[in-house]
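Trainee: Residue numbers (this note's numbering), protein chains in the order written: chain A, -15 to 245; chain B, 1199 to 1513.
For the record, the hints were derived by calculation from the structure and aren't laboratory data. Every residue gets a Cβ at the ideal spot worked out from N, C-alpha and C, and that includes glycine. Among these hints, one or two may not hold up.
From chain B, some residues computed to sit far from chain A (all C-beta separations above 12 Å) [to be verified]: (1) THR1262; (2) SER1269; (3) LYS1445; (4) ILE1511.
Some chain B residues close to chain A (C-beta under 8 Å, calculated; not the full set) [as the list claims (entries may be wrong)]: (5) TYR1223; (6) CYS1329; (7) PRO1330.
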Amino acid sequence: MFEARGKIIKNQRLSDRIFILTIDCEVVAKNANPGQFVMLSPPKITNLTLRRPFSLYNVIDDKQLSILLKVAGKGTQLLSTLTPEIELSLHGPLGNGFPLPNPSKKLLIVAGGVGAAPFYFFAHKLKNNHIKPIFLLGGKTKNEIPFYEDFKKIFDSIFITTEDGTIGKKGMITDYLNDFIEDDILIYASGPIPMLKKIALIAEKNDLDWFLSLESYMACGVGACLSCVVPAKNEQQKYLRCCKDGPIFSGKQIAWERYDC
Amino acid sequence: MTVEISVDLANIHLSVPIIAASGTYGYGDEYQPLLGHQAWGAIITKAVSLKPLIGNPPPRIWETPCGLLNSIGLQNIGIERFIKEKCPIYKSLNIPVIVNFFGFSIEEYGEMAKLLDSIEVIKAVEVNISCPNKKETGMIFGHDPKLTFQVTAAVKENTNLPVIVKLTPNVTDIKNIAIAAKDGGADILSLVNTVSGMAIDIESGLPRLGGITGGLSGPAIKPIALKMVWDVAEVVDIPIIGIGGIKEGPDAIEFFMAGASAVQIGTAIFSDPTSPLKIKDYIVEFLKRKKMKSINEIIGITHQKLKEKMERINR
Ligand SMILES: Cc1cc2nc3c(=O)[nH]c(=O)nc-3n(C[C@H](O)[C@H](O)[C@H](O)COP(=O)(O)OP(=O)(O)OC[C@H]3O[C@@H](n4cnc5c(N)ncnc54)[C@H](O)[C@@H]3O)c2cc1C
Ligand SMILES: Cc1cc2nc3c(=O)[nH]c(=O)nc-3n(C[C@H](O)[C@H](O)[C@H](O)COP(=O)(O)O)c2cc1C
Ligand code: FES
């Protein structure tokens, strides 16, 4: 991991609240693995205390990185207004990243909203390893997942749902998940907690292995402050640090019944 | 012109008067790849206790304007694992390592002090007295002058290391507590720990923190902390380490002027891990600009300046 300065190259607005921010930052870009994240400082603001964590959406030519940004509050609002040439500081790449899936298993990727972000970067790695997953993407409405076009280009097999039916099938992605479950399937998931909890139930019922990307409030991002903990199945440890032990976990590591935040 | 910014506090030599605050810098190894340790005059570990503690349920932090509420709940790996797993790392560091620790009874503080005393790589202990006396009334040790005295004396009896007592700001009169710690044998005082606070999610009606209430840190508490350093400097003559909301160079200078001989940086490294380096550069530039040769020339200077001003007015 590195402490670095990055320069905004591009800020694309995909819809009301969704942006792709491309940042020139070679040291972080060339050392990054899919599933890892960066902590960004929104510049020129003094009353925010913490950097904001974002999954790496893509790495371009080992020089630039991009993040898929959803405006959620003050920090993300500020980041969404950045224009090219503006500099910001960041640290990364952080966390463990996705393990490479066992190629003998069928891979099912389940993404909810901007939770899809790390899978774009991951797709390239899968391609290099000749792994062809089925990609399931769910969103509230078309405007919340405007990046589906990008994903269509990189995944041959893609299935989309929206809660209002503005694109794809109507409903939630987990409503359709059972249709894709087979023996010996491996699931990778990222998205809101209720979605992950439903997948946890399905995975447990069918005795499936699965991995997921988790979010948590973070301060340091490097494992020092113990802010970002999530409940662990392993009673000994009780908590795992999302930033350092994760953000990618095996579904079996997390005590979902104790997960209420 | 070179300026001297190193300080010596009760046998601890700090090449830079800037120390990593307990709990924000982990056990020291987590930040190393990001920052190295050259930024610090010393590092203080996350609080350690006799037995491992699992800490509070999440969420453990909540950001506030210019501040951070935390309720980590003193999660730590316990002294046994700390000695086995972390102390070996400190051998290769060439900066002092100070261990922050606590206990739930006077005896536990004494026992911890004894255990830490025998470890060669440790240069001082910082006694965290912001935790409850579980064996007796449940009162926070640092809220009461008598308990503060007893804890400090118990620690002092069991170690030859320099003893720093870290004061909590959540008291009616910090001067009494400071005097009690000094009388108990403290070599150095550090202040302040976090200011207690809370936040509520108005949608659910529930507290934001899993631990219900927490401790506020960051720039929001700086004026409170500065005033307490100011007050304590009036009543004790042992060195003071200033802590609370220091983010940039001028913040640190204020603490020196109020009477601190060194400062600790906590929350500021979250938004900028390089902040100790920037603060150090600022201190050097500031002293040069003021044509001063040493940091000692500004320590406590506000007390002096104020006295001079009052004398002028009264003449
Ligand atoms: C590992 C990881 C990867 C992430 N990847 C992405 C991504 O690719 N794209 C994206 O749009 N968002 C992502 N997030 C969520 C993003 O970090 C939050 O939306 C953002 O921090 C909100 O900041 P804010 O100032 O806009 O919101 P505010 O609500 O004003 O933030 C207040 C505080 O809460 C924290 N916070 C609020 N929501 C979240 C959250 N969901 N997760 C973590 N911290 C939060 C903030 O960091 C800040 O400290 C990720 C989070 C984590 C932990
Ligand atoms: C996440 C976090 C964890 C902390 N843990 C400890 C601790 O274990 N022991 C302790 O004495 N102080 C602890 N503190 C308090 C800090 O050391 C420091 O006194 C306080 O944060 C004020 O300084 P700051 O505003 O520079 O952060 C913690 C603070 C934070 C933010
Ligand atoms: S954010 Fe500090 S330990 Fe994870």
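Trainee: May I ask you to check that B/LYS1445 keeps its beta-carbon over 12 Å from the closest beta-carbon of chain A?
Mentor: Check fails; 9 Å does not lie beyond 12 Å.
Trainee: Double-check B/CYS1329 for me: the hint is only fine if its C-beta lies closer than 8 Å to a C-beta in chain A.
Mentor: At about 16 Å, which exceeds the 8 Å cut-off, the nearest Cβ of chain A leaves the hint on B/CYS1329 violated.
Trainee: Find the nearest Cβ of chain A to the Cβ of B/SER1269 and say whether that gap is larger than 12 Å.
Mentor: Given that some Cβ of chain A is not farther than 12 Å from that of B/SER1269, nearest at about 10 Å, it is violated.
Trainee: With a cut-off of 8 Å on the beta carbons, see whether B/PRO1330 makes it to chain A.
Mentor: violated, 20 Å
Trainee: For the restraint on B/TYR1223, tell me whether the closest CB of chain A is nearer than 8 Å.
Mentor: holds, 6 Å
Trainee: Does B/ILE1511 sit more than 12 Å from chain A, CB to CB?
Mentor: holds, 36 Å
Trainee: Can we trust that B/THR1262 is non-interface, i.e. its beta-carbon lies farther than 12 Å from all of chain A?
Mentor: Not fine: 7 Å to the nearest Cβ puts B/THR1262 too close to chain A.
When held up to the earlier numbered hints, the structure conflicts with 1, 2, 3, 6 and 7 and fits the remainder.
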